[in-house]
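From first to last, the protein sequence lines stand for chains A and B. Residue 25 is where the first sequence starts when you use my numbering, and the numbers rise one by one after that. Residue 25 is where the second sequence starts when you use my numbering, and the numbers rise one by one after that.
Just so you know, these hints were derived from the structure itself, not from any lab. Hints are not guaranteed to be accurate.
Copies of the same chain look alike in the list, so a pair counts if it works inside one copy or between any two.
[As the list claims (entries may be wrong)] With a straight-line Cα cutoff of 25 Å, these simulated BS3-like cross-link-like pairs (lysine-lysine) come out: (1) Lys474 with Lys631; (2) Lys519 with Lys578; (3) Lys539 with Lys487; (4) Lys578 with Lys474; (5) Lys305 with Lys423; (6) Lys597 with Lys570; (7) Lys356 with Lys597; (8) Lys266 with Lys631; (9) Lys547 with Lys475; (10) Lys570 with Lys266; (11) Lys596 with Lys275; (12) Lys452 with Lys47; (13) Lys597 with Lys519; (14) Lys305 with Lys356.
Protein chains: 2
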Amino acid sequence: MLTSIKRLLIGRPLKSNELGEQKLNKTKALAILSSDALSSVAYGPEQILIVLFTIGAAAFWYSVPIAVGVLILLTALILSYRQIIFAYPHGGGAYVVSKSNLGVNAGLIAGGSLLVDYILTVAVSVSAGTDAITSAFPALHGYNVEIALVFVFLITILNLRGVTESASVLAYPVYLFVLALFILIGVGLFKILTGGVSPHLHNPIGTPVAGISLFILLRAFASGSSALTGVEAISNAIPNFKEPAPNNAAKTLLAMGALLAILFSGIVFLAYYYGITPNEKVTVVSQIAEETFGRNFVYFFIQGTTALILVLAANTGYSAFPLLAVNLAKDKFIPRMFLIRGDRLGYSNGIIILGMASMILIIVFQATTEHLIPLYAIGVFLPFTLSQSGMMVKWLREKPKGWVPKFIINTTGALISFTVTLIFLVTKFTQVWPILIFLPLIVYLFHRIKKHYEAVGAQLSLKTSEPPVTIEGNVMIVPVAGMTHVVENTLNYAKSLAPAHIIAVYVAFDREAVKDFEEKWKKWQPEVRLVTLYSYYRSIINPLTKFVDTVEHKAREGNYQVTVVIPQFIPKKGWHNILHNQSSLLIRTFLLYRRNVVVSTVPFHLKR
Amino acid sequence: MLTSIKRLLIGRPLKSNELGEQKLNKTKALAILSSDALSSVAYGPEQILIVLFTIGAAAFWYSVPIAVGVLILLTALILSYRQIIFAYPHGGGAYVVSKSNLGVNAGLIAGGSLLVDYILTVAVSVSAGTDAITSAFPALHGYNVEIALVFVFLITILNLRGVTESASVLAYPVYLFVLALFILIGVGLFKILTGGVSPHLHNPIGTPVAGISLFILLRAFASGSSALTGVEAISNAIPNFKEPAPNNAAKTLLAMGALLAILFSGIVFLAYYYGITPNEKVTVVSQIAEETFGRNFVYFFIQGTTALILVLAANTGYSAFPLLAVNLAKDKFIPRMFLIRGDRLGYSNGIIILGMASMILIIVFQATTEHLIPLYAIGVFLPFTLSQSGMMVKWLREKPKGWVPKFIINTTGALISFTVTLIFLVTKFTQVWPILIFLPLIVYLFHRIKKHYEAVGAQLSLKTSEPPVTIEGNVMIVPVAGMTHVVENTLNYAKSLAPAHIIAVYVAFDREAVKDFEEKWKKWQPEVRLVTLYSYYRSIINPLTKFVDTVEHKAREGNYQVTVVIPQFIPKKGWHNILHNQSSLLIRTFLLYRRNVVVSTVPFHLKR
């Protein structure tokens, strides 16, 4: 039954050689990989205005030069990442680039920070989308957590189904959102040009503002930069592209950068020209839309696609997290289960872990994750800085033909990213300090895991360690709970393997019963030696373990191997298991993990 | 570490022969077994007034004759249960009495209804006690669920520590509560007799009341009878008493009946004389106390002990549930795990299941369990009726010396209980209907479980079924994932047991790698046959199972037994397990439950 639910949710399993069919073309890739970046347009400009509003509405004109700054940063990032795509055509995430140019620890800082960041992406964007929906339908208020969890569940299922299927579903909302914002910006600009909007709503650029400070401006710039999270996604996901993958990825990246630049500057400009004030209840985009169209169909279309793209922005996390995890797992820094492809050829473990972790975040923060945004932004700009610096080192070291302009581009990117990181650290320290604790922790954990894998490898290797001792003979210990066919079956098995050395062990709770049992046993299995142990504390494990230890100690002297042969009857139906003591399971697990004995389970399948 | 937490919480394990020391003397037994019944005094009288208040305050005088009715019912129940104690000195719960006199199904209805009822007892009384506490400390409001869960947890721990230890802790609050109510009733009566209370506060008994109906009176009577829940607890728990157990139990029962009668009639009378009106925010007992003493120390003493005894009333459920479960499990109607005595000689599984089930109820009903009270009351009066009817049948059948008065007592008890049950069904149908669904279900489940146990017994028995076939030889299948010491160790083991018939199986995901693997294998283990299976869907289980099936099918013809020998390396530290694929665990479980092969696990303990 579980299997059929799984089939229904994620579809039939795919053969390994069907992998090629799952690759993305540019149109789908743009939709799937840019929803995070594009959706930030819905809150990035607003973040700038919120910071400026602490001074007053008079300071709003600063949003225009700040937006220019953000656009410069965006250009630098897009160009830098374009170079990374060609330099690392097998997927050049910040982890790979930093590791190969700046050393393992830089790579691990970038990788760890991004791993956590993708979880934050999912939690933050799904919560934001849910907010947008419950604002539109007040009846749903109070169910934010539940709705957000359902969304995460659905996105997880979509991703488990596989890359292209989720891309097909996701392409429409992303393009609808882009279309909606183009209409909004176009009509808005047309109205302004035709004089439909009063120019008295805003202060002219350059008006002196009392109380403005560099700190405020930097803070506003940093807040605006949070709209750039997600631009790295394409460079991580090159292996998902159709061939020629690097070219297709680079083109997609440029398209995304252009779209992002147009939408971001359009929204900032309209907000400035309309003189819009940030408001807790109505978003800036919503105010612009209302100002332009009134509350008609177009307004609701814009609001609806915005909510949808916020939810779907989570999907970028789902594309990037598993691939990053694969890179880390290949280098043995995280459990190797992240390397396994699931039924639909996606890296299911990464997808499932990401889904569960973000569900936990949503539950813990009760779907109000806004104050996680700065943490999430710094978690992006730190790897930005590291990967651009890595590229700088690469150009300096390799000096290929025409490396100087490339070096300049990456240096610009590195400097701006580093500055933004510093600005975040200084201006939003109260919200971003946790990164200073969890990053060292996570890097330490990565090293511990790698050390373990290497130790295991060395111990198992035929080349570097001693072979195990040869076995001269076998002793079979059979724990028995009564005189039944299950026990008889098990004894038959033990006799077929090592007839000379079988010991049946009976753990008794009641002194009276022992003698009776021993007498009956002599008649039933005269050739099998029976040892009776008395348990004061009604435990089977303890006396049995002590006995096994004694036997094992003696057996080891003659290089004999001890096997504990456990009789187990298997009920016909699953639910019957709760009707029986699971002692055999307990004994098996305990002995296997604590003692050096082989544990054999002899099943006796009940027929009804 | 888990073990030391367990030791800290529940204490050192006790030997089986220390059981006698855990028995209860009368003083402790009264405290432990009557907290449920006595605590009902805190809400029983109030329930009567609430029903009468639907007519108006003029009807309050009816509470006095209704209380007389409840006292008659109480007397009948106490006398009936006294007879049950002597007739069934090994614990005469409604289950045992009904089963042996009225047949299995009557017993199961009584038993099933009580099992559910004890869970309701715990949830209802802990919630009520929590309510009392959060009313006194408004800062705690909003944490009702958490507080109630902590109480259930603490009571569960106390009971896991063992019977006498929990009795020692519980004795004080119960006696303090009795003392507090005695003071209240004594001072109240003294004030009335000395004329300190105006007799004009109430209508004289017999005043005609407009709108009163038999339905209302019956409903009020049924509500008042809910104060009698818990009187059966002593008759279930006779095995917990010191010798002579039946005599001690009977004396304890009489003492409890007397206390309950005094407290109940005292409270009803004071409430009537003071003209107290039920009020959602202040309980009737609290109003009486305030009227008598004002809000001074005595008032808070009464309120405090009331809150405490309400919480502790849950403990009655903890004494009775595990013992009832033992009786049902002995007859194979519920899983036999309820028969096992834990470290401290209590029936821990019953205690834990009860605790968990009531925690679930508290969470589901958000600690507002008042509307469960009628359900809980009918769940008590149904077994009351069945056990008294059972006693009637017993006297009629056995006719021992002087059986007639005994018969009359039980008949009276049966008739009144039956009437109360009917009244509940008719007057509170909207609240008690679920019992009509879950009782048949639970009885059906009991029968299913018994049928399963009997089928298993017959299949295992040496007398009633065919012995298993003898094994002529062995085939060993060793799944291998590579060429390492773990595999070598496992092959050595297989060679020591059945050198002639070993098949190593390698499941490959990658066609290229296969040839290379096969060549290396020939050099490494030339004498062991290697079979390579190719997995299209990246699953190890499926191809392996198919192969095992083929081998098993062939082996069966020659009465050969197939053993799958699984290499498993055991990491040094528990957390390392998440770093390794648990394929061996999966293979083991799957093969064991689905196929007729022996599964042996050969551990390879890592040293670092």
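Next item on the list: Sort out which numbered hints this structure fails and list those numbers smallest first.
Entry: 4, 5, 8, 9, 10, 11, 12, 13 and 14
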